[in-house]
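Sequences listed follow chains A and B, in order. In terms of this note's numbering, the first sequence is residues 1 to 403. In terms of this note's numbering, the second sequence is residues 1001 to 1401.
Simulated from the structure, these hints should not be mistaken for lab results. Take these hints with a grain of salt, some might be off.
Partial list, derived from the structure: chain B residues whose beta carbon lies under 7 Å from chain A [as the list claims (entries may be wrong)]:
| no. | residue |
| --- | --- |
| 1 | P1050 |
| 2 | K1053 |
| 3 | A1057 |
| 4 | P1061 |
| 5 | K1071 |
| 6 | T1083 |
| 7 | E1123 |
What follows is a list of derived Cβ distance ranges for each label pair [to be verified]:
| no. | chain 1 | residue 1 | chain 2 | residue 2 | range |
| --- | --- | --- | --- | --- | --- |
| 8 | B | A1138 | A | A369 | 48 to 58 Å |
| 9 | B | P1294 | A | R331 | 51 to 61 Å |
| 10 | B | P1232 | A | G221 | 41 to 51 Å |
| 11 | A | D366 | B | E1316 | 49 to 59 Å |
| 12 | B | V1259 | A | P230 | 35 to 45 Å |
| 13 | A | G125 | B | D1110 | 53 to 63 Å |
| 14 | A | P57 | B | K1275 | 58 to 68 Å |
| 15 | B | K1071 | A | D279 | 37 to 47 Å |
Where a beta carbon is used, it is the ideal one built from N, C-alpha and C, also for glycine.
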Amino acid sequence: MMRSIPVVLAAFTLVPLAPAADWPQFKGPNAAGVSDEKGLPAEWGKGTNVAWAADLPARGVSCPVFVGGRVYVTASSGQRDDRLHVLAFDAATGKQLWHRQLTATGSTACHPKSCMAAPTPVADGSGVYALFATGDLAAFDADGTLRWYRSLVGDYPTVSNQVGMASSPVLVGDKLIVPLDNAGDSFLAAVDAKYGKNVWKTARPRDINWTTPLVRSVAGGGTEVLLLAPKDLTAYDADTGAKRWSYQPGGKGSIPSPTLAGDKLLLPVGGVQAVTLNDKGVVGDPSWKAGAVQTGMPSPLLYDGRVYVVNGSGVATCADAATGKVLWKERTKGAYSASPVAGDGKVYLLNETGTTTVLKAGDTYDVLATNDLGGETLATPAVADGSLFIRTDKSLYRVGAKK
Amino acid sequence: MPPPVPRRWLAVAAALAVGIPLHADDDIARSLKTLRAVGPEGKGNEDAGPAWKALVAKGGPALLPTLAAMKDADPAAVNWLRTAADAVAEGERTAGRKLPAGPIAGFVTDTANAPAARRQAFELLRVEDAKAADTLLASLVEDPSLELRRDAIERALKANTVSSRTMTSDPRHEQYLSLFKAARDKDQVEALAKELDGYGKRVSVTEHFGYVTHWYVVGPFDSPAGKGFATPFPPESAVDLAAKLKGKGGVDVAWKPAVTADKYATVDLNAALGKSMDAAGYALATLKADKEQPVEVRVASQNAVQIFLNGKKLFEREEYHHGERMDQHVGKGTLKAGENQLLVKVCQNNQSESWAQKWAFQARVCDATGGALPVTQVVARDSGPKVVPLGFTPAVAEGKK
C-alpha cells in the first residue's frame, strides 16, 4: 500500500544527525553520509583551498574518521599486504600524532582493488577502534596507547573471505559491534570497548558480505543493530545479540550499505527500495522500489528529501525520497567506489581518481565545481569541522580553509 | 664519527654482548611477561593494557627487550609487543633522543631473534643510520625474514644495474642465478628468471618453488549441497591405487595419473576427472625425503580444499570461488624419511556463473620461507617407479617453453 507522500517526505527530510563536527565512522554518524557543517568548500585543487596534506605510509580503502580534532586513518602495506597501520593526525595542522603497526594474523587474500585496510575504523572521544580485513582488531586511546588487541582469526580460525572483508565496526554505547560475515565462522559480535572481550557473539549465515551495520533506538525500548546481507536484512538486540526480526527485500544486497532516516530505511537492493520500520520490523510493502536508482559499490545518500546514488561507471542519479521518482540522471567522470556525502547544501561525488564533482543539492543537476586532487580515491571522505578529509593511496588531505 | 651512545643504552648493549636476558629490568620483565601471556578472546587484556603502558613508559631501555620478547610469542602477543616497540621508538624520537644504531644493528644481525622483530629493528636502524642499514642489508639476501630478504635482493638488483654501466664484461648472470635461488616472492622470481633467460640460462620456476607436478587423481565423488566436504570418502582412509571406488551417481571410478606441465603446476580436475559439479576429487602424490623434516604444503585453489600428509589432515578451508592466489592455503606438518603420501581433496560446488566452473588446484612443498625442500617425487613408469625433482615437467626437461 502506498503511503501518503507528505508523510513520507516529512520522515525523509527529518534526518537525525549526530553532534556537530564529528564524523566518527564509515559514512559519518550512523552511516548517513550527511553533515550539518556549514561553510563547506565547493572548489579546491592541489595548492588551492587545501589546508594541509599529510603523507600516508601505505594504501588503504578505509575511510578517514574525525573525532575531537583528530583524524584517524588505517592503511596496509608489504608484499603480502600483512603490515597494518593505524595513524592519528592533528586535524588543525595535519601533523602526524602517532603511528602504530600490527602484523596481520589472518589471510591477506582479497580482490586486487581492495586491501587489508578496508573496514573503516570507528572513533569516540577516548580513541579509535581499528578492524582490518585480516580479522585483526585493536583499540587505541587517543594518545596512541594500545588499550587492547584481538586476533579474531586466531580466536576463530575458520574465519575466511578470500575476496577480502570490508564491513566496518560501529559503536553502541560501551560496545563495539563487529560485523564478520564470512565463509567460515561467520558472526556478528559485540565486544566491550574497555577490554575487547566478547559481550555476545551471534552466528551469521556463512556468506560473504561487505555492508556496515546501522543502529537504531526502538520506541518500545532498547537498541537494534541492523545488518543487510545477500539474503536478508536482520535486526539484533544490541544488548544481547538476540535476533529480533528479519526482512527479505527480494534481491541481493551485500556491498552498499543501507541508509536510515528516522523510521525510513533505504535498501540498496535491485536499485533502491524504501521501507518503513516500526518496533517489530518492516511494516508492509516498500513505500517504493526504484530499479532505475542504481548503486554500484557506493551506498545511497539521503539528503534534504532526495536520494542520490552513483554507480561504478559514474552514472549519478537523484530521486525524490518520498516517491522514488527519478529527478535526474547524469554521467559524471570516472568510476566510483566512494559513497556520496553531503552537507551545507552540497553533494560530493568522489570518483576513483581523485576527482570530486560538487553538486548543488536540488531537483536539477547543477554542478558547482569539479575538483581534482589526483591519486587513487576509493574511500568515502569525512566531512567535519568545516572541511572535507580525503584520503588517497598516498596522502590525507584537509580540503577547506586553514584553521 | 658515530654519535655517542647514551649511558642507559650501554647496559642493554652489554647485556646483548654477554648473552644474558635483555629484559634484566624487573619492571620491564614483568610487563613483557604479562604481554606474552595474553590468550584467546581477549584473555589477559585487563592486565596487558596497564603492562603496555608501563613498558612504554620505560622508554629507550625497553626497546630491545620488547623486540626480543617477540621470539616464539603467540601472534596476538606479538602485536602487543610490536606496538609497544613502535611507541617506545616514537617517544624517544619525540623527546629528541636518538636510538642506538649499534645495538639495533646487532639485534638485526642475530638470526636467533624473531624475523618480524628483526625487520622492525631494521626499520628503526634505517631511520637512525641509513648508511649502516644499507650496508647491513647487503648481507641479508638469504635472510629468514622474508621482508629483509626481499629488500636485500631488490638492493642487489639495483646495485647490479648501476655498476654494469661501466662494465666491459658482464658477469651479472652469476649474481642473477644466486639471487634467483634466494628469491621467494613470485614477482622477483619471475623477473630474475627472465633476466637469466636473456643470458641463455634457462631456469625452472616450477622447480624453484617446489611444485608437485605428478599426481594420481580419482573422482568425482558425490557432494550434494557441499556435503562431500565433510564426507570422508575411501581415499581418506586408505590409498589403493588399484581399487575400484563408487563415485558420483554410483559410477565406478579409479585412480589415474595426472601430470601437469603448467608453470605453477595447476591440475585441472575438470580435464582429469571430467567436468562435474557438486563433486569431490582427490589427488595423491608420493614424495621422497632423505630425512625427517618440517614441511609446509601450500595450495592454491578456488575450490574447497583439504590437505593430508601421511593420513593426517593438515588443513581445510571450505570456501568456493572467492579467488585464487599462490600459497593461499598452508598446511604445516612433518615429512618422514622415505616415502610420504600427500593427499589433496578438492571440492566443487554447483554455482552456475562462468567464473565458478573452475575445479583445479596447485600444490607445492617447501620450508617456512617458501624455499623448495630437497624432496623428490616418485613417478610411476611402465618400467617401474622413477624419482624426479619437485617441479619436474617433461616439457622443461626437454628444453621446451
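Verification of the hints:
| no. | hint | in the structure |
| --- | --- | --- |
| 1 | P1050 | violated, 10 Å |
| 2 | K1053 | holds, 6 Å |
| 3 | A1057 | violated, 10 Å |
| 4 | P1061 | violated, 19 Å |
| 5 | K1071 | violated, 14 Å |
| 6 | T1083 | holds, 5 Å |
| 7 | E1123 | violated, 9 Å |
| 8 | B:A1138 x A:A369: 48 to 58 Å | holds, 51 Å |
| 9 | B:P1294 x A:R331: 51 to 61 Å | holds, 57 Å |
| 10 | B:P1232 x A:G221: 41 to 51 Å | holds, 50 Å |
| 11 | A:D366 x B:E1316: 49 to 59 Å | holds, 56 Å |
| 12 | B:V1259 x A:P230: 35 to 45 Å | holds, 40 Å |
| 13 | A:G125 x B:D1110: 53 to 63 Å | violated, 43 Å |
| 14 | A:P57 x B:K1275: 58 to 68 Å | violated, 46 Å |
| 15 | B:K1071 x A:D279: 37 to 47 Å | violated, 55 Å |
Of the numbered hints listed earlier, those contradicted by the structure are 1, 3, 4, 5, 7, 13, 14 and 15.
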